[in-house]
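K.L.:
Could you build the full structure based on these sequences and the hints that come with them?
Chains as they are written, first to last, in this note's numbering: chain L, 409 to 712; chain S, 409 to 712.
Just so you know, the hints here were simulated from the structure itself, not pulled from any lab data.
Keep in mind it's a predicted model, so treat the numbers as computed, not measured.
Note that CB positions come from ideal geometry on N, CA and C, so glycine has one too.
Misleading hints may appear alongside valid ones.
Distance ranges between label pairs, derived from CB positions [unchecked claim]:
| # | chain 1 | residue 1 | chain 2 | residue 2 | range |
| --- | --- | --- | --- | --- | --- |
| 1 | L | K588 | S | D565 | 44 to 50 Å |
| 2 | L | T480 | S | V710 | 56 to 62 Å |
| 3 | S | E704 | L | L518 | 50 to 56 Å |
| 4 | S | V710 | L | R522 | 56 to 62 Å |
| 5 | S | G603 | L | E693 | 54 to 60 Å |
| 6 | S | E709 | L | T480 | 41 to 47 Å |
For lysine-lysine, the following PhoX-like pairs were computed, each having C-alpha atoms within a straight-line distance of at most 25 Å [to be verified]:
| # | chain 1 | residue 1 | chain 2 | residue 2 |
| --- | --- | --- | --- | --- |
| 7 | L | K485 | L | K556 |
| 8 | L | K701 | S | K556 |
| 9 | S | K485 | S | K548 |
| 10 | S | K485 | S | K556 |
| 11 | L | K605 | S | K701 |
| 12 | L | K467 | L | K479 |
| 13 | S | K588 | S | K548 |
| 14 | S | K588 | S | K605 |
| 15 | L | K701 | S | K605 |
Protein chains: 2
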Amino acid sequence: MTMLVTGWVALDDIETPFGRTERSLGGSATPAALAGALFTDVRILAVVGEDFPDELRRKLEHPRIDTAGIKTIEGGKTSVWGARYSYDMNSRDTWYPELGVSIEHLPPVLPEWRDSTVACLAAGLPSYQRDLIASLDAPKVTLVDTIKMFIDENPDDLRETMRLADFVTLNESEAREFAKMPSIARAGRSLVSDGVKTVIIKLGEFGAALISDGEYFVAPGYPLEEVVDPTGAGDSFAGAFLGYLDSVNQVTPGEIRRAMIYGSTVASFQVEGFGPSRLLTLTREEVDARYRKFRELTHFEVDG
Amino acid sequence: MTMLVTGWVALDDIETPFGRTERSLGGSATPAALAGALFTDVRILAVVGEDFPDELRRKLEHPRIDTAGIKTIEGGKTSVWGARYSYDMNSRDTWYPELGVSIEHLPPVLPEWRDSTVACLAAGLPSYQRDLIASLDAPKVTLVDTIKMFIDENPDDLRETMRLADFVTLNESEAREFAKMPSIARAGRSLVSDGVKTVIIKLGEFGAALISDGEYFVAPGYPLEEVVDPTGAGDSFAGAFLGYLDSVNQVTPGEIRRAMIYGSTVASFQVEGFGPSRLLTLTREEVDARYRKFRELTHFEVDG
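P.N.:
Shown next as structure tokens:
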């Protein structure tokens with residue numbers, strides 16, 4: 409059982425009320441891979457420029473992560489993502505991408521990686537995500553994430569990709585914008601009637617909702633005392649969600665719900681540090697303890 | 409078992425993307441009372457002006473609501489609340505109160521109502537809320553709600569009242585403002601360490617969180633397809649929460665969690681119509697069906 413992760417391995421400039429980082433390890437694939445590695449073996453497929461520091465590359469060296477798919481483009485520049493958050497960290501104030509080598513140089517899947525059992529396609533070019541799904545032998549589960557940029561640029565192209573995936577993750581504002589619906593429930597249902605198999609709408613600190621033809625599941629947010637940096641929360645959710653599903657090796661409604669809670673749990677750790685720093689030291693034991701706590705915090709019986 | 413409800417019985421001017429109403433039945437006590445009457449007998453204590461239409465008074469006539477405590481002030485004007493909501497109905501764009509008779513004329517509890525078993529003090533002058541709690545014989549449970557106006561005007565006075573109540577409800581932005589804390593969890597804990605017994609932070613469409621010294625419970629929002637008007641959601645939550653607790657006649661952690669879900673469930677009906685219009689026809693059977701649905705939508709088992 410192995411999870412293929414694609415997306416950006418990038419440099420992040422982040423500023424929150426609690427501090428700032430410059431050129432730190434970031435991107436969409438990075439937190440997804442680190443989150444997934446808590447549950448299963450992970451392979452990362454991404455491109456970086458010559459300027460990508462060895463020191464950051466070493467941070468990705470993890471017993472369960474194969475980085476052979478991180479290709480360095482000679483003469484190229486690594487993508488940089490800048491984000492600034494104000495006091496209410498649910499929304500970004502400013503956001504600027506310098507896409508670097510990541511858009512022109514799309515790494516094909518390594519031949520020996522075609523047997524990956526699940527694929528987590530963090531934000532990336534929709535046509536590339538489509539090609540990648542097609543190039544795998546027989547993935548059990550695929551998940552596609554995206555960002556506003558691709559919704560704005562070519563929604564029809566994105567829609568085509570979304571229909572191919574088993575799970576699509578969108579954050580709340582993206583879902584409302586993409587579906588042109590004000591309510592989360594209606595946005596979700598509209599995407600499903602448009603051919604998306606299952607959509608997961610990420611609600612930031614308020615949790616996540618999963619909507620498919622026959623299923624609706626809502627999970628509240630884990631109550632965090634302190635959010636240091638929300639960057640990458642959604643990617644770590646996706647990586648943990650899919651990594652957990654890969655590890656249990658079956659996709660039942662019960663397992664999908666548990667995967668949602670594992671995703672939320674790992675995301676709640678991710679936001680405790682700048683970028684993916686918290687994930688670098690996080691253990692499965694810590695995750696399981698908070699997962700059980702999550703249940704305690706949310707459980708109720710219908711009757712007394 | 410009888411629930412005393414105080415607060416505004418008022419006239420609402422509401423404008424949402426879906427329509428508008430003028431001088432419709434509103435106020436804080438109105439949805440709280442109608443919500444509570446789904447579970448227990450209710451007594452309303454409020455003042456209105458001479459201009460309060462008989463037609464609206466008749467809407468409050470309900471087999472389980474005693475309106476003998478709604479006093480008409482001769483020559484006075486009924487309070488009017490105006491609210492306008494934009495596309496994202498989580499926040500009000502504009503909001504104006506014309507307080508009418510409700511601030512100078514505070515109705516003392518009717519002597520025969522001192523035996524009320526629970527008291528739901530919807531938004532009102534904090535010193536009046538305090539006097540009212542003191543004037544009851546032996547209420548089993550008291551709940552105090554408030555609004556930004558009272559937090560801004562005299563936070564110390566409000567704090568004194570909050571410490572007297574068994575439950576304090578605040579919406580998210582009020583809790584952050586009052587506690588001067590950015591995170592919901594920290595704002596809640598800060599209020600508790602400041603002497604509030606249990607605080608319920610209302611998260612609008614994202615549910616509610618309950619925080620006390622030994623308990624933390626988070627409930628997601630019920631996934632609604634269409635929100636017509638969010639006015640009064642918090643008041644209907646409070647009325648249903650307390651009405652349910654009154655009806656089961658015990659205040660255990662399990663019953664408090666069920667009360668949170670009943671509160672959220674009734675609030676999810678409240679927002680389906682303008683003002684409290686949906687509550688006027690709502691039945692306990694409809695509430696129980698959605699309550700069970702709520703469980704289905706949120707339940708997960710820790711292990712497979």
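K.L.:
Go through the numbered hints given earlier and state which of them the structure violates, listing their numbers in rising order.
P.N.:
Hint check: 2, 3, 4, 5, 8, 9 and 13 fail, others pass.
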